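Use the sequences and the hints to build the structure in full.
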Amino acid sequence: MAAGIDAAHGDVLIPMDADLQNDPADIIRLLDKLDEGYDVVSGWRKNRQDKLITRKIPSMIANRLISWIGGVPLHDYGCSLKAYRREALQDVRLYGEMHRFIPIYASWAGARVSEIPVEHHPRTMGKSKYGLSRTLKVVFDLMTIKFMASYQTKPIYVFGSFGMVAFFVSVVAGLYAIFMKLFHKADFVQTPLPILAIVMFAVGIQFLLMGLLAEMLVRTYHESQQKSIYAVREKIGFREQC
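Take the sequence shown: its letters are residues 12 to 253, numbered as in the working numbering.
There may be inaccurate statements among the hints.
What the hints assert, rightly or not - Think about it this way: if two alpha-carbon atoms lie no more than 16 Å apart in a straight line, the pair counts; the simulated EDC-like pairs of lysine to aspartate or glutamate are:
1) Lys138 / Asp17
2) Lys165 / Glu234
3) Lys138 / Asp30
4) Lys138 / Asp61
5) Lys165 / Glu226
6) Lys238 / Asp37
7) Lys148 / Glu108
8) Lys57 / Asp102
9) Lys57 / Asp37
10) Lys57 / Asp22
What the hints assert, rightly or not - Label-pair ranges, simulated between beta-carbon atoms:
11) Pro35 / Glu245: 18 to 24 Å
12) Ala14 / Leu147: 22 to 28 Å
13) Met136 / Met227: 48 to 54 Å
14) Ala13 / Lys67: 24 to 30 Å
15) Glu108 / His195: 32 to 38 Å
16) Gln237 / His132: 34 to 40 Å
17) Ser235 / Glu47: 35 to 41 Å
18) Ser78 / Leu147: 17 to 23 Å
19) Leu147 / Gly82: 53 to 59 Å
20) Asp22 / Pro128: 32 to 38 Å
21) Ala19 / Met227: 51 to 57 Å
22) Lys62 / Glu108: 28 to 34 Å
These are computed hints drawn from the structure, not numbers from a lab. The structure displayed is predicted, hence computed values, not measured ones. For glycine and all other residues, C-beta sits at the position ideal for the given N, C-alpha and C.
Spelled out as structure tokens, the structure:
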């Protein structure tokens, strides 16, 4: 998908699977929807011709999770038949299997996203590479999407939060160990609480240091490549700079 996007030269890009399940006649409908002012139009296989248990039900669950986490409500993220304006994809970089989340990336950059029902024919060619085995990969992708959506420019918030939780557990375990020592005459070697306190304190330090390192990496990433931390769709009333 990434190679196709880089090689294409048109103002509108329309990827489509090669297994003949999508109908090329829907391309005109996608273009008509783009003309209504949208930047991304996603196909929705409303009458999907696939197996119920292994394909349709897992896909339905995944689409709802992706819509909830990504903030872009679509019925069918797995449908490759989509229409994109080139400018909506200029800053999109696909890693791993992130191609299914292109509408989310585009939306973060200010793109207007919509979807329309498209035809879906029974498989007659090739063999599907998707199934229940991809569920774990989708979970990992969703974790990445959630992290990037909420903490991409402020990673110390997530690492720091885990660090504070670890410190809290450390303090509680240490105080309870002291309480047991003073009031119940329980020696420190008789309970795992001192070890827990020390380990969680060390874990808290590690989380804070990881957060600081992540902050340095984020700043280096944006400043070295002059990447903006925000997206502006259109400037109105600004004079062009020489």
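Outcome for the supplied range 32 to 38 Å, where the beta carbon pair is Asp22 and Pro128
25 Å, violated
Take a quick look at whether Lys57 and Asp22 sit within 16 Å of each other, Cα to Cα.
Status violated; Cα separation ~27 Å.
Ser78 paired with Leu147, Cβ distance criterion 17 to 23 Å:
20 Å, holds
Keeping to a limit of 16 Å between CA atoms, is the pair of Lys57 and Asp102 held or broken?
30 Å, violated
Range agreement (Cβ of Lys67 with Cβ of Ala13, hint 24 to 30 Å)
28 Å, holds
Does the Cβ distance between Glu108 and His195 fall inside 32 to 38 Å?
At roughly 55 Å between Cβ atoms, His195 and Glu108 fall outside 32 to 38 Å, so the hint is violated.
Does Glu108 lie within 16 Å of Lys148 when you go C-alpha to C-alpha?
8 Å, holds
Against the 16 Å threshold, does the CA-CA distance of Lys238 and Asp37 hold or violate the hint?
36 Å, violated
Hint says 18 to 24 Å; check whether the CB-CB distance for Pro35 and Glu245 agrees.
33 Å, violated
Sort out whether Asp30 lies within 16 Å of Lys138, counting only the CA atoms.
Cα-Cα ~8 Å, so holds.
Range hint compliance [Cβ, Ser235 to Glu47, 35 to 41 Å]
39 Å, holds
Straight-line Cα separation of Lys57 and Asp37 no greater than 16 Å?
Satisfied, since the Cα-Cα distance of roughly 13 Å is no more than 16 Å.
When the structure is compared with the earlier hints, violations turn up for hints 1, 6, 8, 10, 11, 15, 16, 19, 20, 21, 22 and for no others.
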